[in-house]
Amino acid sequence: MTISDRAARPHRGSNRDRWPLQALETALKEAVDGEVRFDSGTRATYSTDASNYRALPLGVVVPRTPEAAAVAVGICRDHDVPLLSRGGGTSLAGQSCNTAVVIDWTKYCHRLLAVDAETRTAVVEPGIALDPLNQQLASSGLMVGPKPSTHVSCTIGGMIGNNSCGATAQAYGKMVDSVRRLEMLTYDGLRAWVGAEDPIPGTNPEADELVRRLREIRDRYADDIRAAYPDIPRRVSGYNLDTLLPERGFDIAKFLVGSESTLVTVLRAEIELVRVPAAKAMAVLGFPDVYHAADAVSRILPHEPAALEGLDHRLVQLEHSRHLAAKAIAQLPDGKAWLMVQFDGDDQKEADARAKKMIADLERATGASSTILDDPDREAEVWAAREAGLGATAYPPDGPETHEGWEDAAVPPERLGDYLRDFDALLDEFGYESSSLYGHFGHGCVHTRIPFDLRTADGIAHYRRFVERAARLVSSYGGSLSGEHGDGQSRAELLPIMFGDTVVRAFGEVKALFDPRNRMNPGKIVEPHRLDSDLRQGSAYRPWEPVTHFAFPDDDHRFSEAAGRCVGVGKCRGESSGVMCPSYRATREEEHSTRGRARLLFEMLQGEAITDGWRSTEVRDALDLCLACKGCRSDCPVDVDMATYKAEFLSHHYEHRVRPMAHYSMGWIPLWARLGTSVAPLANAVTHTPGLRRLVSAAGGIARQREMPRFARTRFTRTFRDHTSSTTGERGTVLLWPDTFTNNFEPGIAEAAVTVLEAAGFSVIVPERTVCCGLTWISTGQLPTAKRVLRRTLRVLAPQLRDSTPVVVLEPSCAAVFRADLPELLYGDQDAQRLSKQTYTLAELLAERAPDWKPPHVDTAAMVQPHCHHHAIMHYDTDRELLSSTGADVEVLDAGCCGLAGNFGFERGHYDVSVACAEDKLMPAVREREPGTMVLADGFSCRTQIRQLQPDADPRHAVELLAEALAAKDRT
422 MTISDRAARP HRGSNRDRWP LQALETALKE AVDGEVRFDS GTRATYSTDA SNYRALPLGV
482 VVPRTPEAAA VAVGICRDHD VPLLSRGGGT SLAGQSCNTA VVIDWTKYCH RLLAVDAETR
542 TAVVEPGIAL DPLNQQLASS GLMVGPKPST HVSCTIGGMI GNNSCGATAQ AYGKMVDSVR
602 RLEMLTYDGL RAWVGAEDPI PGTNPEADEL VRRLREIRDR YADDIRAAYP DIPRRVSGYN
662 LDTLLPERGF DIAKFLVGSE STLVTVLRAE IELVRVPAAK AMAVLGFPDV YHAADAVSRI
722 LPHEPAALEG LDHRLVQLEH SRHLAAKAIA QLPDGKAWLM VQFDGDDQKE ADARAKKMIA
782 DLERATGASS TILDDPDREA EVWAAREAGL GATAYPPDGP ETHEGWEDAA VPPERLGDYL
842 RDFDALLDEF GYESSSLYGH FGHGCVHTRI PFDLRTADGI AHYRRFVERA ARLVSSYGGS
902 LSGEHGDGQS RAELLPIMFG DTVVRAFGEV KALFDPRNRM NPGKIVEPHR LDSDLRQGSA
962 YRPWEPVTHF AFPDDDHRFS EAAGRCVGVG KCRGESSGVM CPSYRATREE EHSTRGRARL
1022 LFEMLQGEAI TDGWRSTEVR DALDLCLACK GCRSDCPVDV DMATYKAEFL SHHYEHRVRP
1082 MAHYSMGWIP LWARLGTSVA PLANAVTHTP GLRRLVSAAG GIARQREMPR FARTRFTRTF
1142 RDHTSSTTGE RGTVLLWPDT FTNNFEPGIA EAAVTVLEAA GFSVIVPERT VCCGLTWIST
1202 GQLPTAKRVL RRTLRVLAPQ LRDSTPVVVL EPSCAAVFRA DLPELLYGDQ DAQRLSKQTY
1262 TLAELLAERA PDWKPPHVDT AAMVQPHCHH HAIMHYDTDR ELLSSTGADV EVLDAGCCGL
1322 AGNFGFERGH YDVSVACAED KLMPAVRERE PGTMVLADGF SCRTQIRQLQ PDADPRHAVE
1382 LLAEALAAKD RT
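For the sequence shown, my numbering assigns the number 422 to the initial residue and increments by one for each residue that follows.
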C-alpha cells in the first residue's frame, strides 16, 4: 500500500456531530471530581498545540486527581467517544489536538508523591512540569535526566507520551531510559502498574491476557523488529516494540513511552532520577560551516560529553537581528557554525580539565577555534541562545514564516555531516531554504523550520512531496523520521518508509490489542490522518480581516497575522522566571496563558467555534484576566503582544455599548486625578472615609478591598513654575514628562528628578499645557479617545520634537506607551516616530548624554522591582548599571508582575488574582529582605501594591534614592 493510498482513508472520529455530547457532558459533570467544559471558548483554546494542525476537541476535562481522570475515561468508554491526554501542549507533530475529549492534567494533577533518595526514584502525577519538579527535587541533590528546551512548561506525562529528550539526553538518554514503572489505564478499563516485570500472575486475569497476547505479537515480529529498528541514540518514531524483545527485558512501561496517548492513559509514573552535577564546564568550538561542525562530532564523542549541541550561523544571525541572546552571541568564538560541548565533573577542576583535553584534540585535528565557559551565568546565556532556536526561526525578519513538518530527524551521529550536505541539497532542489540547522548533534538529531507554503493547494502538495523525499533520505542513512518530537500527524503517515509494511502492521496489532475501538487519540501513529489535512492554515484558510486601530506593522498590518503569531511553545506557562504570564501563574488555566488567549483570538477570526467576532464573550472573559503587563512582548519567543491585542479587542467589543464602570473611573483617571488634586483635602476625605469610600468604590467598579491613592495637595507642574534652576545646562535641555501618577499623586518624585538632572548638568523644562500619554485609555480599550489624547500631546510637544529635545519619563508605563504603543497607534505620524525615539528613562539619558557624570555614593542595600513595561520595552540593564555605579548593594528581583498592573488590580473581580500575582514571588521577597534594605520600584502600580500589602516596606522611586544621596553629599 502506498503512502497516498493510506492517506486517502477517511478519518475516524473527525465529525463532532456524531457524538452524543449533551449526555456525555452531563454524565462527566455528575461523576468527575474536577472541571468539565464543553463550551466553545474552551474548545477553541485547546484546538491546537505547537504543530501545523488544528482540531476542535469535543470538550475538556480537568481532573483533580488521577482517580477522577479514571472516572472520566470510564464515562468516555460508556459513551464510546475518543479521548486523549494532554500535557504542556507543546507537541510539534499534532499529538495534542484531536476531535476528542481532552484530559488536561496540568491544573491539579501536578504533585510529587514520593522521593526515594537511596534508589534515586520519584513517583509523580502526569501534570507536573519539569522545572517545578526539579525545583522540588533540588534539596535531595537529584533531578530528572532529560531536559527538553520547553522545560519551563513541558510535563512529565507529556514527556512520557512523546519520549522526550533534550540536550541532556547525551548523558542521560531519552525519557524511556528514565521511566521505571507506569500506572496505566486502557480505554476498556484495565488498570495496572507495569514495568520491567509482568503484573503478578493470577492477580489480574485481564492483565495476564494482555501480557500473553503482547508476547505473541512480539514473538511473531521479533526478527522484523530487530531488522527494521535503527541502532541510533535518537530513534523516537514508532512504538517501542524493541523494548519487548527478550534481550531487552520485555518492559511494558518502556514500551508505552512515546505512544502519544494512542494506547493507554498514564495515571502516575515512577521515574529514575540522576545526581545533579557538582560542576560543569562548557567548551564552545567554532567551525567554517555546519557540515564541518557535524563532521567533528565523531571525534568529540569518545570524550564522553554530557551535552553536544550544534548551531549554525543562520540561527545566530536571526537571534542577533531579534536582539535575542546577545550576551551569548558575543561569547562565541570565530566561525560560522558552533558546537557547544558540556562536561560534568566532581569539581570544577575536573570539568575544566575534560573540556581542555577535548579542545586540544579538536584543535590538532580540525583547527577549530574555541573558548571555555565555567561561569554558570555565562553558561546559562549560551544555553539560552540554543533554547531560543524555535522562537528565533519561526518568523525570520527577511523571509516568510516557517513551519514544523520536518524538524527533528535523526541519523547516526558519525554520518551527520554527510546527511546535512544531502539534506541541504534536497532543500535546494525543492526551492526551500531552512531558517537554520541546529540541534542535538551528539545524537545526530537536527532541528529546522522550513518555509512551507501551507496556504495553497500547490504549496501543500509541494510540502507533501518534500517530506516523502526527506523520509526516504533519512531512512537511507539508517535514521529516524523523528529524533525527539514524535510522529503525531506530521510523520505517522511516513512510517512505512522507515519501518516497512510488516513492522507497521505490528503497530496496528498492538494498537488493536490496547485500544480495539480506536478511541485513544485516533489518527496518530496507526491509521494516521493525512499529514496534509487538518492544517491550521490549509488551502481554505481565509480568516476575517477586520479594520483595526493599531497598525501591527510587524504582522503585515493584519490582525489575523498577529493573532496567528503564536507557535505554541508554551513559555507563557512557566512558573519561575520572567514576567509572562502572571494570570496563568495565579490560575493555572490554559485560557489565561498568552498562548490560550492567542488561540481564542485565532479561532475568533476563523468563525467556526467562536462565531460572534468582536462581540465574543468567550474572548472577552479570557482577556479579562490579562494584566496587560506586556511581559509577553519580551518574554514570548515569537513576540506575541497580548496587551495590544486586548486593547484592540476591547475597543471593538464595547463600541457603541455601555462599558464596565471601571473603564470610566480608572480609564479616565488622568481627568479625575487633575480634578482631585484641585480639591485634594475634599477628594481625599471622600475616598478615605469608610462609608463614602465604599460608595465611591461601588460606583466606580473598584474592588472594595482596595484603598485609593491619596491626591497630592499641589501637583508638580504647579510648583515647578516657581523653580529656579541650579545649573547652566551645559549638557543641554531636557523635557521632564509630568505623568498623571507622578504629577498628581507623588510630585516629590519629579522634584527629585529635577535635582538629579540639574546635578548632571541638564536644564529642565516641563510642558506648558496639560499632557497625557493615554495609557489608561489604551489599557481599557478606549482607543479613539487615546488617539485624540496622543494627538493633542504631540501638538503640545511639537517644539521639543522638532528640535530633538530628550523627553525624560519617570513612569515606566508612560515611557513604554511612547516607545511601543504610540508609533503603532498613530502609524505613519512623523511626530509620533520622533517622540518614540526621543523618549528616555533617566538612566538611559545619563548613560547616553552624560556618560562621564558620577552618581553620588549610596551606602545602602536596595531590592529593586522592575516595572513590567520597563522589562518588556526598555529593559532594565541600563538602570541596573546606574544603581550599581552608586556603590549600593543592588538586588534586581526576577519576581514577575506586581499584580496591580495599572487599572487591573483596582477593578472589581480582580483583587484575588492581583494579590496572588504579588504573593507568588514579589511579596515574599519583600518580607524576607534583610533589615535596612530599601525597596525600589519605579512603577506607581508596583509601589502602590507593595504599600497596600506590606505597609512598612515604604517603596521608593530610584530617582529619590539618587536625589537624597546628592542632598546628603551637599550637607557634608
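Everything labelled a hint here was simulated from the structure, so no lab data went into it. Remember, it's a predicted structure, so these values are computed and weren't measured experimentally. Among the hints, a few may not be true.
Keeping only pairs whose Cα atoms sit at most 27 Å apart, straight-line, the calculated DSSO-like set for lysine-lysine is [as the list claims (entries may be wrong)]: (1) K1258 / K1275; (2) K1208 / K1275; (3) K777 / K757; (4) K1342 / K1258; (5) K1258 / K748; (6) K701 / K757; (7) K1275 / K748; (8) K701 / K748.
Item checked: Straight-line alpha-carbon gap K1258 to K748, limit 27 Å -> 24 Å, holds
Margin query: Next pair to validate is K1275 with K748; report whether the Cα-Cα distance is within 27 Å.
Written below: Judged against 27 Å, a Cα distance of about 26 Å means the pair holds.
Check: Can the restraint linking K1208 and K1275 be considered satisfied, given a maximum Cα separation of 27 Å?
Finding: 40 Å, violated
Checklist line | Satisfaction of hint between K757 and K777, Cα-Cα up to 27 Å | finding: Given pair K777, K757 holds - Cα atoms ~22 Å apart, limit 27 Å.
Notebook entry, point to check: Is K701 close enough to K757, meaning Cα to Cα at most 27 Å?
Noted result: 25 Å, holds
Checklist line | Pairwise hint evaluation, K1275 against K1258, where the allowed Cα distance is 27 Å at most | finding: OK: K1258 and K1275 at ~25 Å, within 27 Å.
Next item on the list: Quickly compare the C-alpha distance for K701 and K748 to 27 Å and report which way the hint goes.
Entry: Between K701 and K748 the Cα gap is close to 19 Å, so the pair holds against 27 Å.
Note to self: K1342 and K1258 were given as a pair; does the straight-line alpha-carbon distance stay at or below 27 Å?
What the structure shows: 34 Å, violated
This entry does not satisfy hints 2 and 4, going by the numbered hints stated previously.
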